[in-house]
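Peer 1: Could you build all of it, start to finish, from the sequences and the hints given here?
Take a look at the letters that make up each chain.
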Amino acid sequence: VNRFIQGAFWIGVYLLLTLTPLFLLLIGSAPPGRSFWTEFSIAIGFVGMAIMGMQFLITARFRHIKAPYGTDIMYYFHRQISWVALVLVVAHPTIIFAERPEMLPLLNVFEAPWRARFAVAATVALLALIVTSVWRKLMRLQYEVWRVLHGALAVLAVGLGMVHAVMWGNYISTPWKAAFWIALAAFWIGALAYVRLGKPALMLRRPYRVTAVRPERGSAWTLALEPEGHTGFRFQPGQFAWLSLWNGPFGMREHPFSFSSSAERQREVTMTIRELGDFTATVKEVRPGQRAYLDGPYGAFSVDRHRSPGYVFIAGGVGITPVISMLRTLADRGNDQPLLLIYANMAWEDVIFREEFEELKRRLRVTIVHVLERPAAGWPGESGRVTTAMLKRYLPADRNSRDYFICGPDRMMDAVERALTDLGVSLAYIHSERYNFV
Amino acid sequence: MRRLYADKLVVIAAVLIVLFSALFALVQSSARRAYPADKMPRRMQLHDDVRHEAAPGDRVTERDVPYQLSTTWPSNHVGTVRNDAGRHEIRLRRIAL
Chain A
1 VNRFIQGAFW
11 IGVYLLLTLT
21 PLFLLLIGSA
31 PPGRSFWTEF
41 SIAIGFVGMA
51 IMGMQFLITA
61 RFRHIKAPYG
71 TDIMYYFHRQ
81 ISWVALVLVV
91 AHPTIIFAER
101 PEMLPLLNVF
111 EAPWRARFAV
121 AATVALLALI
131 VTSVWRKLMR
141 LQYEVWRVLH
151 GALAVLAVGL
161 GMVHAVMWGN
171 YISTPWKAAF
181 WIALAAFWIG
191 ALAYVRLGKP
201 ALMLRRPYRV
211 TAVRPERGSA
221 WTLALEPEGH
231 TGFRFQPGQF
241 AWLSLWNGPF
251 GMREHPFSFS
261 SSAERQREVT
271 MTIRELGDFT
281 ATVKEVRPGQ
291 RAYLDGPYGA
301 FSVDRHRSPG
311 YVFIAGGVGI
321 TPVISMLRTL
331 ADRGNDQPLL
341 LIYANMAWED
351 VIFREEFEEL
361 KRRLRVTIVH
371 VLERPAAGWP
381 GESGRVTTAM
391 LKRYLPADRN
401 SRDYFICGPD
411 RMMDAVERAL
421 TDLGVSLAYI
431 HSERYNFV
Chain B
439 MRRLYADKLV
449 VIAAVLIVLF
459 SALFALVQSS
469 ARRAYPADKM
479 PRRMQLHDDV
489 RHEAAPGDRV
499 TERDVPYQLS
509 TTWPSNHVGT
519 VRNDAGRHEI
529 RLRRIAL
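Those protein sequences? They're chains A and B, same order as listed.
Residue numbers for the first sequence follow the working numbering, so the first one is 1 and each next one is one higher.
Residue numbers for the second sequence follow the working numbering, so the first one is 439 and each next one is one higher.
Honestly, the hints are just simulated from the structure, not real lab data.
The structure displayed is predicted, hence computed values, not measured ones.
All C-beta atoms in this analysis are idealised placements derived from N, C-alpha and C, irrespective of residue type, glycine included.
Among the clues, some could well be false.
Here are some chain A residues pointing at chain B (derived, C-beta under 7 Å) [unchecked claim]:
| no. | residue |
| --- | --- |
| 1 | S35 |
| 2 | F36 |
| 3 | F40 |
| 4 | A43 |
| 5 | I73 |
| 6 | I81 |
| 7 | V145 |
Peer 2: Right under this line is the structure:
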């Protein structure tokens, strides 16, 4: 209930901050009214800018805001609502030009007044922002380059849009209104500055040192890290942190990884990382003693947030990392609840932590079901993909009262979520984390 | 599945934005009726350097709203307006009231 209230509260705050500036414009002296469609286009222009500004807050890593939903969902919302912002920002001039074609020459940036040039530049920046985000991989943009570009284009789009609104003068004509909108823009961009400058400055004083780099099955590596000169932080099993390895915390080479260690052993934290891209391929080159920085913990994907008579974990590939953290933690706590782990992999050799599962079976009341997509001949266990029929075979009789934790490739998670709802499991009991949210 | 909730929130936000924007537009566009063409607008002032181009009492339209020029202008507005005969380009300077 508490989480529901928190979630509803932040949604209310979001809608309020997005819409209130519009109505503040009507307070005090306002310009003479024009046609409905002209006024409507002005309104959606302002709201479009407010949504763009709020994007800085959504992605600013404020733990309390992200806690009720989970970080992956916040980023998903960030992406989806950006389409709404784009439609509003493009519709703003389109409606004006449709109603007043005599204003079309304002698109001629060589002759148009500066207030119109800024509008064109802001729209181009927003379009570039969305194109480089949606087609980042297709354009083969390196993640670090994209992050710099993303921040710069976002600041440009909002900054230029604000200059356009202030220069045009309508609705922001009085000094206090101009001051309000400029302060609002500073607040939005300040959120970005907090992530890129404020947080790194704090992290600089709390470095970590790599104590071990262990190879795991399936081209994965486990990094063990210890706080250096401070006590570290407490995390919940299943949570994650942003890891900077090859540069200081101000660098752009920062990636989110789940903790794989027990939350009951906070002195040394581990992260298990599979070689999947440029950054992850360099993890094996890390040497003990190397300095690292962690920004965290984040995430709502944890057994500590859900009291339940028992838990079901469904993982795919490297999606096992937050799950192993939860299993290790439950084992350290002496948990005796019934647990079920369904773990999908390509082949038996890829099964990360395979040997440790045997030990966990001794310490926990856990049933472990391995599912192999390409099993070797003679494999006695489950093969293929996780299906509704397979889940039906293994889920306990009281399946509608258990909590489910799902982590793995997107397609697997979609299929498992659908299968669970088909089996009558309430959405409230299904918890998932998409680890490729950036 | 949580994405479904996020999608719903995006749709709700979009609908609210359109509704509130329409409400804003209704309120604002109805404001034009408060300034009928044949009435003297409240406080209007011409910019000093263009005052010679139009005299108080001239009728002008500003963004489709007709006005008759006087000595003060109701809000801080800068823009180029034409009188309704289309003869004069004049500039109005905003002043703080």
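Peer 1: Could you run down the list of hints and mark each one as holding or not?
Peer 2: Hints, one by one, checked against the model:
The interface hint given for S35/A is met, as the beta carbon of that residue sits about 6 Å from the closest beta carbon of chain B, less than 7 Å. Taking 7 Å as the C-beta cut-off, the interface hint given for F36/A holds, the closest approach to chain B being about 4 Å. Because the beta carbon of F40/A sits about 4 Å from the nearest beta carbon in chain B, less than 7 Å, this interface hint is met. Interface hint at A43/A: satisfied, since its Cβ lies 4 Å from the closest Cβ of chain B, which is below the 7 Å cut-off.
With 7 Å as the threshold, the beta carbon of I73/A comes within range of chain B, its nearest partner Cβ sitting at about 5 Å, so the hint holds. Of the supplied interface hints, the one on I81/A holds, with its beta-carbon coming within about 5 Å of a beta-carbon of chain B, less than 7 Å. Interface restraint check: V145/A against chain B, minimum CB-CB distance 28 Å, threshold 7 Å, status violated.
Violation of the numbered hints given earlier is confined to hint 7; every other hint is satisfied by the structure.
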